[in-house]
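Keeping the supplied structure of chain A fixed, place chains B, C, D, E, F, G and H upon it in accordance with the hints.
Protein chains: 8
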Amino acid sequence: MSPDQLRDVLEQVRHGRLTVDDAVGRLAVEEDGNLGYARVDLDRKRRCGFPEVIFCEGKTPEWVEGVARRLIGAGQDCFGTRVSDAQANHLQGCFPTAEQDRLARTFWLPVAEPSVPATGKVLVLTAGTADLPVAREAAVTARVLGCAVELIADVGVAGLHRLLKQRDNINNADVIIVVAGMDGALPSVVGGLADCPVIAVPTSIGYGAAFQGLAPLLTMLNACSASVTVVNIDAGFKAGYSAALICKRMSANRE
Amino acid sequence: MSPDQLRDVLEQVRHGRLTVDDAVGRLAVEEDGNLGYARVDLDRKRRCGFPEVIFCEGKTPEWVEGVARRLIGAGQDCFGTRVSDAQANHLQGCFPTAEQDRLARTFWLPVAEPSVPATGKVLVLTAGTADLPVAREAAVTARVLGCAVELIADVGVAGLHRLLKQRDNINNADVIIVVAGMDGALPSVVGGLADCPVIAVPTSIGYGAAFQGLAPLLTMLNACSASVTVVNIDAGFKAGYSAALICKRMSANRE
Amino acid sequence: MSPDQLRDVLEQVRHGRLTVDDAVGRLAVEEDGNLGYARVDLDRKRRCGFPEVIFCEGKTPEWVEGVARRLIGAGQDCFGTRVSDAQANHLQGCFPTAEQDRLARTFWLPVAEPSVPATGKVLVLTAGTADLPVAREAAVTARVLGCAVELIADVGVAGLHRLLKQRDNINNADVIIVVAGMDGALPSVVGGLADCPVIAVPTSIGYGAAFQGLAPLLTMLNACSASVTVVNIDAGFKAGYSAALICKRMSANRE
Amino acid sequence: MSPDQLRDVLEQVRHGRLTVDDAVGRLAVEEDGNLGYARVDLDRKRRCGFPEVIFCEGKTPEWVEGVARRLIGAGQDCFGTRVSDAQANHLQGCFPTAEQDRLARTFWLPVAEPSVPATGKVLVLTAGTADLPVAREAAVTARVLGCAVELIADVGVAGLHRLLKQRDNINNADVIIVVAGMDGALPSVVGGLADCPVIAVPTSIGYGAAFQGLAPLLTMLNACSASVTVVNIDAGFKAGYSAALICKRMSANRE
Amino acid sequence: MSPDQLRDVLEQVRHGRLTVDDAVGRLAVEEDGNLGYARVDLDRKRRCGFPEVIFCEGKTPEWVEGVARRLIGAGQDCFGTRVSDAQANHLQGCFPTAEQDRLARTFWLPVAEPSVPATGKVLVLTAGTADLPVAREAAVTARVLGCAVELIADVGVAGLHRLLKQRDNINNADVIIVVAGMDGALPSVVGGLADCPVIAVPTSIGYGAAFQGLAPLLTMLNACSASVTVVNIDAGFKAGYSAALICKRMSANRE
Amino acid sequence: MSPDQLRDVLEQVRHGRLTVDDAVGRLAVEEDGNLGYARVDLDRKRRCGFPEVIFCEGKTPEWVEGVARRLIGAGQDCFGTRVSDAQANHLQGCFPTAEQDRLARTFWLPVAEPSVPATGKVLVLTAGTADLPVAREAAVTARVLGCAVELIADVGVAGLHRLLKQRDNINNADVIIVVAGMDGALPSVVGGLADCPVIAVPTSIGYGAAFQGLAPLLTMLNACSASVTVVNIDAGFKAGYSAALICKRMSANRE
Amino acid sequence: MSPDQLRDVLEQVRHGRLTVDDAVGRLAVEEDGNLGYARVDLDRKRRCGFPEVIFCEGKTPEWVEGVARRLIGAGQDCFGTRVSDAQANHLQGCFPTAEQDRLARTFWLPVAEPSVPATGKVLVLTAGTADLPVAREAAVTARVLGCAVELIADVGVAGLHRLLKQRDNINNADVIIVVAGMDGALPSVVGGLADCPVIAVPTSIGYGAAFQGLAPLLTMLNACSASVTVVNIDAGFKAGYSAALICKRMSANRE
Amino acid sequence: MSPDQLRDVLEQVRHGRLTVDDAVGRLAVEEDGNLGYARVDLDRKRRCGFPEVIFCEGKTPEWVEGVARRLIGAGQDCFGTRVSDAQANHLQGCFPTAEQDRLARTFWLPVAEPSVPATGKVLVLTAGTADLPVAREAAVTARVLGCAVELIADVGVAGLHRLLKQRDNINNADVIIVVAGMDGALPSVVGGLADCPVIAVPTSIGYGAAFQGLAPLLTMLNACSASVTVVNIDAGFKAGYSAALICKRMSANRE
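For the record, the sequence lines run as chains A, B, C, D, E, F, G and H.
Be aware that the first sequence starts at 1, since it is given in our numbering, and climbs by one per residue.
Be aware that the second sequence starts at 1, since it is given in our numbering, and climbs by one per residue.
Be aware that the third sequence starts at 1, since it is given in our numbering, and climbs by one per residue.
Be aware that the fourth sequence starts at 1, since it is given in our numbering, and climbs by one per residue.
Be aware that the fifth sequence starts at 1, since it is given in our numbering, and climbs by one per residue.
Be aware that the sixth sequence starts at 1, since it is given in our numbering, and climbs by one per residue.
Be aware that the seventh sequence starts at 1, since it is given in our numbering, and climbs by one per residue.
Be aware that the eighth sequence starts at 1, since it is given in our numbering, and climbs by one per residue.
What the hints contain is simulated information worked out from the structure, not anything from laboratory work.
Some clues are possibly wrong.
[Claimed, not checked] If you only want the chain D side, here are some residues facing chain F, beta carbon under 7 Å, derived:
#  : residue
1  : 15
2  : 16
3  : 66
4  : 110
5  : 156
6  : 157
7  : 158
8  : 159
9  : 183
10 : 192
11 : 209
12 : 215
13 : 219
14 : 222
15 : 224
From the three backbone atoms N, C-alpha and C, an ideal C-beta is built for every residue, glycine too.
The following block holds chain A by itself, in its conformation from the complex (with noise of 0.2 Å):
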């Protein structure tokens, strides 16, 4: 809150126009979303302009279940990822209507209204078949979050004439996420022929020197191409979300 802001505030209180308790409620926002084991950020959405999301991993499927209850609760969309098959079974008893998308990992439970149909359009490629679960997980979080998505698998960069042949696609694409593990090398070839970002996610498929992702990794940061931003290893998550933010964000400033 600026000080521009709390002047307006305190001159209200002042003049009796806001009582103490409204002010305390404007100045002090209790977003309560304490669970013991969680602080639900119920904030977030409002910051951001999407719910958390709930990362999975090194929870128990109860301590998941309480946090979706405490979004959903809330009136907020409630989205997980990393779910594995014990938390993904728990899930499925507790709330039969959500989607749940085991290749990827994700679940997905809307309860606020829909989003306005998407504007951006988000291109996925990935190097090779094995890449497919990350490449989804970005999908799925790109569409939960109103975006476009089109994935196509498997045009890593030994055999160019594939890649090649999706040009319409890429010069289409408002935002292009590829998801390449083992060399890495297919983000470089991309953001040479786009005109768009390209968010570039390593993996962890490989062997030997690829070191469980660290050689990818180390490619697209090193990437000869200047539009090439990078996420963690097997982050598809985290590609998809920023994807989806540029999208929203050329939305917002079009109207």
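Showing chains B, C, D, E, F, G and H alone in chain A's frame:
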């Protein structure tokens, strides 16, 4: 070129509406930027929206000059990064009208018509004072590519009030670039306050276990805020470039 | 033993005020904790103020039991950490009255007189829910060593308001233990708010470029707040122990 | 500010006991330390008990001077670390009365009233002679913050008798700072002899597989003594600062 | 396609010697191997001389089957590597006539005419017995690609006479593949004895500071013999493939 | 074979004192230990003083059995290390009279005459209880090679008195093997007390920043005591073997 | 020497057809290249087909000169790599007729008859301009060893059309050397276009997370194209040498 | 001092056979080597058999001089390693009769009676010419400690015949020190030929993936020969010291 486009060209050739020479020209566009030691990518502007940028490290001053002349000769804007002192002095002699920023280590010589007024707002934040050169590289890049840029230094998390006073700037930005060395914690915090994409730039500022930027790089890749993507250590240019791509897309879609 | 102390003993021997046997006893105290597979450090309590703590990893349940019995036999409190399920079950049979915390993986069997009421206040904060087991290990340890402990979970920097609401707790603490995985950014922020020592515990929570805790470890070592010291990854016990040493010293000096 | 404190301020405004301007002042304290290239954290002293310390690396001599003048202008003590020779000479000209320690690379210009006599005793031990500069930085820092400090050099574990002769010093210390490069084994041994907190500082002294301090850093993080916490490589300042916080708390609680 | 070739096609179209459809066919060959989860590179054989090889890791048995059927349907030989037990059993049911080598973890189903007799001689050497699976993958690959292969196991440098007895084999080879884990010293020695290219394959055999193959990988990259090139850890397939390319070129150039 | 020795053999051939066949035998000794999957180095005993030792990791039980039978068939002692449970059970059936130590994971089947009584004394020390299996591997190895061995466990540096009580053992040893995980500080201290060679064995005991033995490995390589040499992580066998070589040389030179 | 060859020599000695001295000469060929500080491997040419090459790093100019004189004295061609400026100037004085390439840092003084015309074609590609010195080292090496070499610079993947225009060169090559720093993505793409062996050379060009060539090294080891083998960072010489071995074998087998 | 020894001293005091002062002298021997910046370990010779050796890195020339004077003053031999040029020149002035080896960077000033003739034979081998400085440090050290030393350079594994010609030297040695950079393969081969302990010294010679000696360090730790122990990178001194300890023990036991 898609099969349909190809068929169209061939039909024109077949019916004599296009000479064979013209068809060769359209099918095999020769962008001849070959200088022996470099092949200037004169097609980059068409493909990616901005001419090739000269990464000056590891090049002799004469090589840099040569590439610059080739770009200018093709009527394209010329932007160089990581300009060493020796290169800067050499270029000063060759191109006295160019804008050089010695802190950012950039070289800027526009020859095309100035681009339309920027519509996107880029906010560049630094954690500390020593991060300024990298931040300036990011800021100059985004500005050169047509964005409105604001650079605010030294708002690291050890004194949160300095950052919280920037809330209005954060809320108004279309993209935020966060430049930080040492612990690299700032992007996580900014990502939790903003509703726009955050591009994090780790710097090699720090000592000991900072390992020349490895520590903040890892921090940023693991940022708990989903809106954070990352570029290479000290890669101010890449951050500025990607930020500009986002702003540009916003403008493009507005029409 | 200093030369002066030594001289004193010898003078007593010389003058017959101390028998040779007693002098041997004083000069060569034999703390015989040898079990073959372990030498229990029965002198630790005298030297360091607390009996040896059993680090259970890599020991058979029988070995743990043996060390525990030796400590108890010497009239010393018995505290074990990193107790596996198999060890926990075995110890449950041997020592049914011991307190076990399966989340913290601790074992606690006090035999000495309870220590005086704690005077120091230890605040344990976690960045996320999945950091809870490590945080609990820290909290149990500090409590066992006589501190007053408060544990507050899930106040990571992506939602600053959750942390800022703990300002009173932060201001009242004598030591703060901050437990965080992923980006490990929380201690930097807490260090900037507090005027007491902050002990940071990186956890192996996270994935990809978190590299099993390496990322938060580096972040914390590079914390921009000067008040932050660091312990090993997942080393909740060490953090609790060091925190207790600080509190204990405060009490000692008060007298 | 807690809701209760907030309510109190607002009640005073409502009843006219506090003017709006004063309330703004109290609710939105403006610590204006903005110099463009730096935002001096003039509130640090209030929050953390000691003014902002200037980390001089990566700053021009003029920037360091500017920050120093801003601190002094606000009536706060000015302490700088990692002062390069060029900076030292520049500062010598600007502030001839300041104390500079060229071995420790520190700058100290107190302007506030001298603090009360130190009550805590800090013992600084080094494993070797070459660790002295880092140890001196720690010692100067702790002294500047009001502690009684003793520095004993070259008591590494290859000659245990040198260390064992320090037993009285070890027993009398409130905090021990252990500075060591190469194998970094000293803190483990000291931790086994002392009953107070031990802060370990790895140094970049050594060669080959010491990897610029990585080896002693890892050794110290894995110290088998539970009382050891660790700071960054060569971070004498942090060790001194944390040690002083512990001593200060002891004094604070004594009253 | 070069401009000259292009001009030639266009001239034929212009003069009616080539229909537009045929020209489209030649200019935009559509190798449609799209299976959704995979795009089989049916053009690989034409470009690189051998059909796409299926890397089976990270694929479901059904995906592997699908790619295999697509290759076979296109009349191309089908070779798979890193076949898991589950995949092997599934493929056994689908393609009972295929050759499977469970030690090498390969799958081989030739459908094209057998290639001409091999002219090149590939010698595969292993340092130890445990390197056999990787060596077998190399040997099978080279054999499938038409080479004569000899595999000699357990001639590590700790018993030089075992290696020196292979001198005739070494002298007669056209390419030597050396497979070694642990210290990875064998390629350096073989490189000093041979006058042909040596391809080194580090394996993940070893423990401790072998770091899953990192140690032999670095050894081999630093081999003091200039004739040694290296492939990824455990990458028997790549070594066999590259060896076969060398042999094939020898044959091609012989004509 | 030196030129002089060679000349001697040839002179004998020339004068008919040596048949050609015998000369072939002497010049080209054929130690035929080829089993296909392994080439048993039957000459090792002559060259290095002890038969080949079977490193069992990565071998099938049948392979281990085969190598063992080949050694025994050649009248050589058979010693195996890193014997897995499956291998141990298989070997138990094949060679019921062999000595197996399941904690050390060794297999020992002597067939040659027992060696002369050991003259060298090997002292094996461990820092902790969990280092015992590696220490036992070292102790068994040295014993099998003819040394007198004493193994003393759990004398880590956190309780120095436990180590200092071993002074007589330390002074009487000919070689000391120090086995330690975590901080790996023990060899530095032992090296400062002893006047004989110290062989340090890092173990993978520990957690977090121990990085599976990397931390103690680096510590030991940087030991401030000059008498410390190091072997691979968990390489108890190597330490025992090298210790025995030292003892053996002492005996050899005594005559 | 095989048993059969040995038997033959011995039979000749026995029958007086070979003197003992000659036999010694044949069985114990003394290649005496001992200079004290170096043992020049004068037998290398016979064994490996090319004389020893002088790696100049870490040698004094006099040492390099000494080795060069010894090679030349033995009538062997003299080739040196990594020649520093000081060494180059010294050698210029000693051997004014030698060819020196200061960019490639090579020294070449042939004394033997020129080799037969090259039959193999080596194509050297670089991703960027700054990779030229390493590429030149590779090109000079291959040329010196008798290959026809073409070097094409700056065809990195960010501008694919630059590479695709080299298709004819790629198709006609017998071996392709690809030199790239930063992301190291070029070999993967070239491998997918070529049907000959590809030797990848990572360079230390780049910054930040390129880690002095580690990033492109890992990329290349993980190349998704099976035809790619890798040499050490900046090892242009090794790549050129291996390429020449492949070409030489082609020629040898042609006869 | 053991309890028995202690009892003995005390009995003497009790019966007046030992004055209290003498007893203090025997029980609390004061080896006063305290110089402020260093505590010279004057007891080292008694404990470990050789006086403290001065590691000169990181010390001022004056500090080195001070330690040297203290050793000499105590009648002990003075040996220094890693002497920089500046230190060497300073020491030359102070101690003109000392032996300095500028290649090995050692300083040697014996003041005690020369030791008895050496009985052990140390063989120092280097893989390349550039490894000579480290090898010389090892050789000088072993010689100073009384061993007979032979140094043979440049017998790396790329030309095995150079090594095999040293067989007699290898067979006659009591300890072999192998110094190698780059691939570090030599110790594995030597270990397979020798029946005595092999101490391996990795050097920082090499480039690229040698990573300043990391590659040969890992190679040597993973040596397939069991007789190889390893010291720090470039640690010629440690290798020479440990070799001398082995030789000394041989002599000691001979009596």
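*Minimum beta-carbon distance criterion (7 Å), residue 219 of chain D to chain F*: Constraint on residue 219 of chain D satisfied, holds at 4 Å.
_Status of the residue 215 of chain D interface restraint (C-beta, 7 Å, chain F)_ = holds, 4 Å
*Status of the residue 16 of chain D interface restraint (C-beta, 7 Å, chain F)*: Cβ of residue 16 of chain D sits 59 Å from chain F, so the hint is violated.
*Grab the minimum C-beta distance from residue 66 of chain D to chain F and call the hint holds if it beats 7 Å, violated otherwise.*
violated, 39 Å
*For the hint on residue 183 of chain D, just tell me whether its beta-carbon gets within less than 7 Å of chain F.*
holds, 4 Å
*Closer than 7 Å between Cβ atoms is the bar; does residue 156 of chain D clear it against chain F? Give me holds or violated.*
Because about 5 Å separates residue 156 of chain D from the closest Cβ in chain F, which is inside the 7 Å limit, the hint holds.
_Tell me if the interface restraint on residue 157 of chain D is satisfied: Cβ within less than 7 Å of some Cβ in chain F._
holds, 5 Å
*So, residue 192 of chain D near chain F? Judge it on the closest CB pair being under 7 Å.*
OK, holds: residue 192 of chain D within 7 Å of chain F, min 4 Å.
*Hint check: is the beta carbon of residue 15 of chain D less than 7 Å from a beta carbon of chain F?*
This interface hint is violated because 57 Å lies over the 7 Å limit.
*Restraint outcome when residue 224 of chain D is required to lie within 7 Å of chain F by C-beta distance*: Since the shortest Cβ distance to chain F is 5 Å, the answer is holds.
*Close enough to count: is the Cβ of residue 222 of chain D nearer than 7 Å to one in chain F?*
holds, 4 Å
*Verify the interface restraint on residue 209 of chain D: the C-beta must sit less than 7 Å from at least one C-beta of chain F.*
holds, 4 Å
In the structure shown, a violation is registered for the earlier hints numbered 1, 2, 3 and 4, in ascending order.
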